[in-house]
Amino acid sequence: MSQSPVTAPSFGSQAATVGRRMVNSNIAPIIVALVIVSVALSFLTPNFLTASNLTNIVTQSAVVGIAAIGATFVIITSGIDLAVGSNIALSGMLGAIAAKATDNGFVGILVVILVAAGVGAVNGASVAWLRLAPFIVTLAVMGMARGLTLQISQGQSVYSLPGELNWLGSSAILDVKTSALVTVVMFLIAHFVLSRTTFGHRVYAVGGNAEAARLAGINVRGVIFAAYVIAGITAGVAAIILLGRLDSATPNAANGTELQVIAAVVIGGTSLFGGKGSMLGTLIGVLLIGVINNGLTLLNVSSFWVQFVQGALIFLAVLLDSFNTRRLTRRTAS
Amino acid sequence: MKSADPALVSLEGVSKSFGSVQVLHEVGFALDGGTVTGLVGENGAGKSTLIRILSGATAPSAGTVTLDGRPLPSTPHAVIAVGVSVIYQELTDIPDMSLLENVLLGNLTARGGIKRQRENRRRARQGLARVGLGHVDLDTPIRSLSIAQRQLAEIARCLVREARVLVLDEPTSALPERDVETLLEVVRGLRDEGLAILYVTHHLDELFEIADRLVVLRDGRKVGDGPIAEWDEPTLVRTMLAKDLDEAYPWRERALGETVLVADGIQAPGVRGASVTARAAEIVGLVGLAGAGRTELMRALSGVSPVSSGTITVDGIPVRPGSLRAAIRRGLLYAPEDRKQDGLVLTGSIESNLFYGDYREVSRFGMLRPRAALRRASRIGQDYSIRLRSPRQAVGELSGGNQQKVVVARLSERAPRVAFFDDPTRGVDVGAKSGIYAQIFDLAERGTAVFVCSSDTDEVLAVADRVYVLAAGQIVAELPRDRFEREQILHLASGGANQNGAVKS
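Taken in sequence, the protein lines are chains A and B. At position 89 of the first sequence (counting the first as 1) the number is 89 in our numbering, and the numbers step up by one without a gap. At position 219 of the second sequence (counting the first as 1) the number is 219 in our numbering, and the numbers step up by one without a gap.
Derived by calculation from the structure, the hints in this document are not laboratory data. Treat the numbers as computed from the prediction; the structure is a model and nothing was measured. Incorrect hints may appear among the rest.
[Unchecked claim] Here are a few chain B residues that sit away from chain A, every Cβ distance over 12 Å (derived from the structure):
id : residue
1  : 95
2  : 107
3  : 110
4  : 119
5  : 175
6  : 178
7  : 256
8  : 395
9  : 445
10 : 474
11 : 480
12 : 481
13 : 486
14 : 495
[Said to hold, decoys possible] Chain B is faced by these chain A residues, among others (derived, beta-carbon under 7 Å):
id : residue
15 : 196
16 : 197
17 : 215
18 : 218
19 : 276
Just so it is clear, CB atoms sit at the ideal spot from N, CA and C, and this is done for glycine as well.
Excised from the complex, chain B in its bound form (with noise of 0.2 Å):
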């Protein structure tokens, strides 16, 4: 459905940096009225930070985005005014108000401050009928109302502030597959009308469905623009990703050990019954959509956070699973994906964030050994490449690379049996990855079992020997190195059948 209105929002040369770090570079596409335009790319490709743009709440580095050819307002707030409305991911209503309070939030009209309670439900009542909400009573508490009607009434709410453009990220992350097609029913009928849509999503399968066009983003530059029907899903795969990072992280075949770890049928928050296996020395991927689980399988198998049901051995003794101190006590060591917020005490000494929860080199009879600990850490700081100036300047000096990599040290000297490592290069440039990846080499050529997950597929094929791919909580297939192609795993994580056979646990 193509419409000859010409393009509301229109972004030119637009480009964000953050520090020395560029995240978008000369992006520009329009939206047009009438038209669903559908952005991709992978994760950390630029589209969160688009959407930010949009939304008023950063400013672009350079560029320019206007709507109906004037400048879009820089503040969150006044780009709601003028008709331009993000709906994200997570649902931003307040549970303990009436539907009616929700859709209307900040958007009460009131004559001197008393609230003209009979224009109000009229407006909410038009604003739900548009999203196929008309039938539901407006004084129910809005918790009450499934998750899917909850999100229609979030696009009610931008409705009701006579929204022309919407931005939808991720609308459908959180739905049951059943409500999909609601959405996206009401997103066609909304572009009938003569809205111009942003739909921003990881499954392919929704766009196709519902975009006119597709803008595909990789590493913060537009790298595909056009209408659907020049789309497939092997070309838009292959456009999203970037080809030449195998060379980043040389892969070495490694005599593989025993198998050290087995877990069978865990259940926890956010993971479904899955089970795996680890041998000595292996590395281990987990691949999935963000939400798919893979955090939530690596806290699960490694103690931090509980588990509701299933078995955990390592080296064929049981671990009471979701106990932490067990699985550190029987060598299971987990770095987490945020490491300011949970990996790094960031008020201490690199000295200090190296040996916190071991001190048997550095201490005697509870006692530290300064000199011991300060030539330990040189020492440490020299094998893992940590630019320092000091082991006693602060951690939260160093960047964020080398922040990561005394993350990686302290886990590894440990020399755990199984190392868990949950996005381990995170916002760090390209040079520090491949650093971080030796080090996780290294550590696997010693016999540790290494789990790694990654925003980044590509990455984790790159360095993996065999692979979990993870959708919606659950295991979806097992491939092994010679078995790893993108696009079917791309395929896979993002809900798709299994075609080529790959193995179903």
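So that you can see chain A by itself, here it is in the shape it has in the complex (with noise of 0.2 Å):
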């Protein structure tokens, strides 16, 4: 590579590219992290290593993991989605009602579909038009939502669903969960989406600098209102699958699921300041999660000492964010 003013760029291969980008991202330091967490999980517990809990913990994952693709997009615009858990409670409970009524599951699907693209579609148009601050919209939205959920439920669960309406969170495809299955086909999708299209270069251009992507003819606004219906529908593929792995709908679904999901979006180098993020990273921010929860309980740690290490976990992937945009800023202040 020339470092001397020459105008014509040299380029290396396709396949360097990628893994120069890979480093150039913030993957690295995690992509190590899950590889020392996972390799010291196998030597402490000889149950760790074994075929079946490895699908366990991605089916375990299969709920955050899948809520997380949604709040990467939101996360990458310089949003935040904190209404995320009860979206999955109340699209859930709605749904879940919905199908016992009709004896469908497949309306119950509709309904829960609907409903959380709606609570999405509410936070997005609060922050995009009317500009509203996403922390606050999304956390008066939570509250809404889990009000609703309640009142709506009187506090009761729902049992005995539909099974169209089971089948994502409970059956398994030649043994692998259909949730597992599920997870990582989302994943994909979503991958393709922000890397390999025009919206997806969009959201990172509102979140990288919003009046830049104005002038630029972006329509910065239609772009973050639907980063936040994209984060309420995952939150209803979310909810469709914990509604199956528990046979019921209960008001209390997914309660702090939105303390996990950004954990895992931040873990895995997406940027709390907007316009850098990827999929790959989420996705290794929703395993190496996985990873230490199972890993806690395997080692049978207290489940109270599982919530204090996420937090510890969120707190070291903002001082790593941190540190690199001021490290950016610096760069290029001169």
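Using the hints, build the complex out of the two chains.
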């Protein structure tokens, strides 16, 4: 690679470019972390490195993982979605009630997705057009959605759902849980959308510099709105998986899930300042959290500590993010 | 009014560099008690840096600044404490507080943490009396006072702190005409009390009214220093401006096309009833002092900021004013003044930044074509002489000049009907400047109507086919290239009368 002031740029091979991009992004340290934690756990407990435990980790991570897909879009626009947990509960509850009432699981699925997308649309419209702060809006919506769920259900769970509604979260294809498959497929689609479509490109632009994006003719508000709707839809899919896993809708479902979701995204190298991040990073972040949760359980560590460790992970991730951002600003300030 | 007092503040060999850019070169002069020293120079001449040094906000890279023969302290707080106060262009008062509280901001007399009301009121009234505000009720909320009164209250705040040296940075830029004289009267009064005053302004006429002595900066160097009697306006302007800039921007005669843009009676924030036209392939310069409305006019014309009335047509077809998307659809593109803040996505790659907003060439059915994008990006990199290692490099790693080339390239590649370049060479070195203007010439030659403005008037005069001169949000003159005269234009821009029959629009 020539450093001299020639105007003709030299390129590495496509593979080298991908490799360099991975190093450039913030994924490298977390891959290392995932490997170290996994290796340590396989020494500490004989049960970790078994096929059933590893698929178990992916299955256990499905709800957080799928919700984290949408959250990645939102956070890259420099937004945040705190309502994801209560959105899962509300859409799941309404879907379960609709499915029971019509005795049709497909109606239930449709209702879940529509409600979840609707909650996302409320978030998105408030941020994009009412210009409210994402943190506050989604905090408010989080409260409202949870309250509605409790009110509608009168605090009671809904049991024995129609089979179609349970299928995604409880069945298996050739010994692989459908929830794990769905997670993987959704990550692949989301990765493609984010890295290979003009929409994905716009998402980065809006998060990186909304004013520059606007002046370049990008519909900034439309992009922000779409990101929150996507986050709503992924919350809906996560809700369906949760319904199937529990064979019921409970009003307190996914309480606090937003914390794990945001943790996974941020640990995966997506910047809370916006404009930077990747689906691959989020996937690894989800797996890291899954592995740590699983490991702590296998090691019989109190579940209270699990929550502490998750908090500490977010702290570290945000610290790293802040350092990286400051380094970039300093470099560009000169 | 000369006084025999020794120099209060004295600058010797003051230099300042930011990174590799030297903005002040061994500047030296003294501020005497009982004297108003006028400091002039074009934007970028180093005035602001000098003020920042005097305020303690930044330290000189070399040289010394002394007060009463002792080194000036190095923090703003300590500088104020020893009696040097800077009054900035923008008001720094707290609108919701009373006049009393503002004047004594950070300087209340207290005993054991309890305010001493009577003493405080006495001090505030004393300070206010010196700026002619002795009659105003101390408990008036400061927001209900006029801008001029608030400006005077800021001066009073410095006086209460026993300032002996006052630096006034463009004190009249926000004032209506009739209040300027009041302010000058106050400044004269303070000079007669024995204060040393540094008066920084673009308004040359004010200097001839108030200054006892003038110091002229150009490109960070002191190029003139002498009592006011030795100066007249033409000499001053000639001293302020460099003469050899024409050569850096070789202007070429172009065949101009049809009129593309017609804007009539544009009213917008900072723009008062401006009417402009531009022809295909024409480069139209907007000249004016800072705050005259150059940026505001460009933003209004290009749909970036709202327009309250007026019409805009492109190729004879009306464009809804104030609608960015309508403007872009009709081929009006704006390159903002502050590329880092508004022009680039710094977290993105060079490649990404070249395509934001226009994916026609690099996507199919909403899907990006990475190979096509890379090919195109490296082609653009070559065409626009952007010094890069790879198009996938972060745009933030480029130098300022090369970042600006990315902005210019993105805009030019969309083949706009009308392009607006708002201070395109801000903060870039001379080499990159002529590179950027070369791109702008090319764009014009391909038939785009180009508007350009700059904090450097000479630069605009060097590249434009025609200029509009702006003052206080209004177009005060329109001049074709064969009638470009620096002195005349600068005179018009500083609000002077139209002498040589420039076309008034």
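Verify the interface restraint on residue 218/A: the C-beta must sit less than 7 Å from at least one C-beta of chain B.
holds, 5 Å
Minimum Cβ distance from residue 481/B to chain A greater than 12 Å, as the annotation requires:
Given that every Cβ of chain A is farther than 12 Å from that of residue 481/B, nearest at about 30 Å, it holds.
Status of the hint placing residue 276/A at chain B (closest C-beta pair under 7 Å)
holds, 5 Å
Beyond 12 Å on every Cβ pair: is that true for residue 256/B relative to chain A?
At roughly 27 Å from the nearest Cβ of chain A, residue 256/B sits farther out than 12 Å, so the non-interface label holds.
Would the stated hint for residue 196/A survive a check requiring a Cβ distance to chain B of less than 7 Å?
holds, 5 Å
Against chain A, does residue 119/B hold up as non-interface, every C-beta pair farther apart than 12 Å?
holds, 44 Å
Taking 12 Å as the cut and beta carbons as the points, is residue 95/B off the interface with chain A?
holds, 23 Å
Distance rule for residue 110/B, whose beta carbon must clear each one in chain A by more than 12 Å:
About 38 Å separates residue 110/B from the closest Cβ of chain A, which puts it past 12 Å; holds.
Beyond 12 Å from each Cβ of chain A, as asserted for residue 495/B
holds, 31 Å
Minimum Cβ separation between residue 175/B and chain A greater than 12 Å?
holds, 31 Å
Status of the hint placing residue 197/A at chain B (closest C-beta pair under 7 Å)
holds, 5 Å
Taking the closest Cβ pair, is residue 215/A under 7 Å from chain B?
Status holds, d = 6 Å.
Hint compliance for this structure: hint 8 is the single one not met.
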